[in-house]
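*Asks:* So the protein sequences, as listed, match chains A and B.
Here the first sequence is numbered in full-length UniProt numbering, starting from 1 and rising by one per residue.
Here the second sequence is numbered in full-length UniProt numbering, starting from 1 and rising by one per residue.
What the hints contain is simulated information worked out from the structure, not anything from laboratory work.
Note that CB positions come from ideal geometry on N, CA and C, so glycine has one too.
Among these hints, one or two may not hold up.
Cβ-to-Cβ under 10 Å is the rule here; a few derived chain A residues that face chain B [said to hold, decoys possible]:
#1 Glu52
#2 Leu54
#3 Pro57
#4 His89
#5 Tyr100
#6 His104
#7 Arg108
#8 Gly210
#9 Phe339
#10 Arg348
Covered stretches of chain A, as calculated for chain B (at least 3 residues, CB under 8 Å) [claimed, not checked]:
#11 82 to 88
#12 271 to 281
#13 353 to 360
#14 366 to 373
If you want the ones that stay clear, here's a sample from chain A, every Cβ over 12 Å from chain B, calculated [stated by the list, open to error]:
#15 Ala27
#16 Asp115
#17 Ala181
#18 Glu302
#19 Val415
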Amino acid sequence: MAVTAPPSVFAQILDYANRADPYPLYAELRRTPVVRQSDGSYVVSGYAEIVELLHDPRISSEQHGDAAGGLGTGAGLPPAFLQLDPPEHDRLRRIVTRHYGPPHTPDRVDAMIPDLRRTVSGLVDGLAGSPEVDLVDQVAYPFPVTAICDLLGVPRQDEPRFHPWSEALIAALDPGTGDPAERQRRRVSAMKEMGQYFAGLIGTRRHAPGPDLLSALATDQGPDGHLSDPQLLTTAFLLLNAGHETTVNLIANGMLTLLRHPDVLERLRRESELAIHLVEELLRYEPPVQFLPNRTALDDIEIADTTIPSGSRVTLVLAAGSRDPAHVRDPDRFDPDRFDPDRFGLARDTDQHLGFGGGVHYCFGAPLARLETQIALTELTRRLVNPRLVVDPPPYRTNPVLRGPRHLPVAIDGVLPADG
Amino acid sequence: MRLVVDLTRCQGYAQCAFLAPGAFVMQGEGEALLYEPEPDDEQRERVLRAAAACPVQAIVLDRGPVRNGDRPAVPAPRRDGITQDEFLRTGRIVIVGASLAGARAAGALRYEGFRGSLTVIGDESHDPYDRPPLSKQVQEGWVAPGHTGLPRRRAIDADWRLGVAATGLDLAAKQVRLADGTSVDFDRLLIATGVRARPWPVPAEAALDGVFVLRTREDAEGLQRMLAGRPDRVLVIGAGFTGSEVASVCRAIDVPVTVAEAGPAPLVAALGGTIGAIAAEIQRDAGVDLRCGVQVTALEGENGRLRRARLSDGSTLDVEVAVAALGGVRNVEWLEGSGLACGRWGVACDAGCRAFDANGLVTDDVFVAGDVARAPQPLFGYQLLALEHWGNAVSQAEVAAHNMLSDQAHRWPHLDVPIFWSTQFGNEIKSVGVPGVADEVVITQGSVPDRRFVAAYGRRGRLVGAVTVNHATWLDFYRRQIERAAPFPPPWRTVDQPAEAHPVPADFPTHPIPTQDATVVLTGHDPADRRATLLSP
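Isolated chain A, as found in the complex:
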């Protein structure tokens, strides 16, 4: 039977006052792993239930009824593949993947590694000379932005124009703050401006294609057809926006977590391979996307002794699921050693996390985000001398979905020179 909890635990999670540490509330939420809200929507917080629904074809990601306000809609543009169901989702995602990853372009992300290292190295050079630095403004934000601009083929000098557009787009995804009508107005206006910018850029690339993703998409003629111009625009928005607003949190959450666990930070300084499993644990422990709102049940779904009725909105709280004690032991402990690649068979289940979602909408940028974070955390821990948190907790961004520090002020005694 569904339990309605007044006042809702989920409402408290949306409350900015709880942004710095929502995890006790997630634990409370998990007591009823599938819970009905007063507005008729369902919030899912158990690991097994989330995994099940991520793979349930009766769950739609399209916007149904009045649940508007998504990333790609508005301004007369079609939704991006993030908000489409198969088969159209699959087709559009394949078209973009054709130029981004395997099977047709398997080396694209791997080939970015040298540039990624150079970019981080340059940003860390820039930290030298100050006793206090802001790791969000000076590293965690500019690094993924540079990477996504390079991938897409957006000139770096245009980067500053994107920040306010991107902020307006994600504010619209924020269910907890501000006046919804005002948020929608700002979003549509940002999209129009971005649309004009990209239309110009796409036109340029179509006539003189470069090695970038946008050129490839603008001139594509694959077996699945090509993106229409409006689809190309929303796809560019989606990638640019995700590149701006998610990895920044993973890197900032990562440095915050390491500074709170000096023993792990010290190990990472000595063992660079540790970064690989550390980032997986980070995705479990402090995921950059805390939940997936706006999914819809297309049919009655029986789950966890509850029936989610057809037509209900469903929110999957990934961050709660990854800390479900029924899934991992000691879930509130940050432990990069919990992932054990030597393990076989049955024991492998507990090594999974929900950091990038799952099913057909699994994070498109995941390979890039992993590399960026591994490289950034390794470089920062190796080169910052005696880094200390200036405030703990740091100030957070308002968004409960894309949760992370707005600033991460850190005191340092210096910056070591880059290797080589």
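Based on the hints, put chain B in the right spot on chain A.
*Replies:* Below, chain B without anything else, positioned relative to chain A:
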């Protein structure tokens, strides 16, 4: 460094192919994943990244020699009911069979805390190796036949008696006899001798140069050498999974290939004639000369070399290479006279992997796992079924190992729903449940012309199986529905439903597996919680 991809778990996310493109390759337009099982040290960091990134943790590694920074392995969680007596410290366990199931059981026994003496006996002289790549990336020439070693958590502490076959079992004396005349005593025994390839039935023809079966590393090596020489035509006899995969390789390396299949379609025993017809289309589109309803009546040679094949339709075919892909024969001969319930269908055991003796009584100290084990399937009328599936070998070995160390109250039933996969013509085909018992099939998601779809199989109004083609991410949903005894045809409204979804006959030529209509649901996730419950009629 060695690795294996558990393709039972793989859902085609391709994260590995992004992060270590030299070791993992997505092939074709579908979800086919091929990988290098023993990547060189240059790829180490990328492979570690790829393994860590797998969303379903399907990549198993051993990281080679212990390096600075490696942490001790995470110990097994303490399980209730693992015997803490003398046996755990001083007991003697013998495993016969050193392939996937045997090696996996050895690892699992140590993982669960067994510290006594462990002997692993295998008739092949190699360290345990993985077979699925032998019909795929090895034949394409990308991976050397000797480079498919199974990862082992560092070295498993055991007496590995490799290259010596077991020749007999004396249950009363608790002894395994070996081909070299020695014998090994045991307190508990695990039988994991698997299957071998069914040879071409005419010995003189089978002995011709150019006639192959494909099961062992040596088989793979010989066939690969022939394929690398670009023969004018290859004949594949039998369009089951191995035969279809060999045909796929031939087309990938642009060698002409004819497939002769006695049945009406490829993969017909596993998928039925209706979905098999789609497999036939896939083969023909790839340029395979597929001949169904045709048998090979003779293989003819000159000077000991294969020259041509005669077919039951009266035609002859000039070929230099023929691959007999006729299925497997279970390795049970060594158990003759042992008093165990064994025969050509395998060694019968209970759901906890304890062998039955010839009277049908369950034994206490003899366990069976892998391809040779014939175990009850509660979901399918409690029939005893032997499943030649990779994932079955792994999970059954783990359950057997657990039960070998557990008291009666804490044994696990092996209640996994069968899952298998095949990688061919750039497609990943996966199956869950037992489609073979179905009478009807319906496409529930995706598109057959696009070769991305789910087919659901039903028997008398109940869902019994599902097959995905390049749609692996949906397989788990169907597995859960099979476990819950969901109705057929599936009544749900889902994304990507075909406009016309009418069940049609599944068209299995015969029901190779007799069935009854007991209705059982499976619940629980952790092996300790897995239970089968009968539904009242």
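*Asks:* Hint by hint, note whether the structure agrees.
*Replies:* Against the structure, the hints come out as follows:
For the restraint placing A/Glu52 at the interface with chain B, the shortest Cβ-Cβ distance is roughly 7 Å, inside the 10 Å limit, so the hint holds. Annotation: A/Leu54 was flagged as interfacial toward chain B, and the flag holds, the nearest CB pair being 9 Å apart, inside 10 Å. The beta carbon of A/Pro57 comes within 4 Å of a beta carbon in chain B, closer than 10 Å, and the hint placing it at the interface holds. Nearest Cβ of chain B to the Cβ of A/His89: about 8 Å, under the 10 Å cut. The hint holds.
Restraint check, A/Tyr100 versus chain B: the minimum CB separation of about 9 Å is within 10 Å; hint holds. Contact between A/His104 and chain B, as hinted, is supported at the beta carbon level, the nearest pair being about 9 Å apart and thus within 10 Å. The closest approach between the C-beta of A/Arg108 and any C-beta of chain B is roughly 8 Å, which is under the 10 Å cut-off, so the hint is satisfied. The beta carbon of A/Gly210 comes no nearer than 22 Å to any beta carbon in chain B, farther than 10 Å, and the hint placing it at the interface is violated.
Proximity of A/Phe339 to chain B holds as hinted, the smallest CB-CB distance being about 6 Å (cut-off 10 Å). Given hint, A/Arg348 at the interface with chain B, holds; its Cβ is 4 Å from that chain's nearest Cβ, closer than 10 Å. Counting residues of the stretch 82 to 88 of chain A whose CB lies closer than 8 Å to any CB of chain B gives 3, so the stated coverage by that chain holds, three being the minimum. For the stretch 271 to 281 of chain A, the stated coverage by chain B is satisfied: 7 residues place a CB nearer than 8 Å to a CB of that chain, which reaches the threshold of 3.
Beta-carbon proximity to chain B at under 8 Å applies to 4 residues in the stretch 353 to 360 of chain A; the threshold of 3 is reached and the given coverage holds. Counting residues of the stretch 366 to 373 of chain A whose CB falls under 8 Å from any CB of chain B gives 4; the rule of at least 3 is met. Consistency note on A/Ala27: stated as away from chain B, and its beta-carbon is indeed over 12 Å from all of that chain's, at 20 Å minimum. With a least beta-carbon separation of about 16 Å from chain B, A/Asp115 lies farther than 12 Å from that chain, consistent with its non-interface assignment.
In this structure A/Ala181 is separated from chain B by more than 12 Å, as the shortest Cβ-Cβ distance comes to about 31 Å. Once the 12 Å rule is applied to beta carbons, A/Glu302 is inconsistent with being away from chain B; the minimum gap is 9 Å. At the 12 Å boundary, the C-beta of A/Val415 stays outside the reach of chain B, the nearest C-beta of that chain being 24 Å off.
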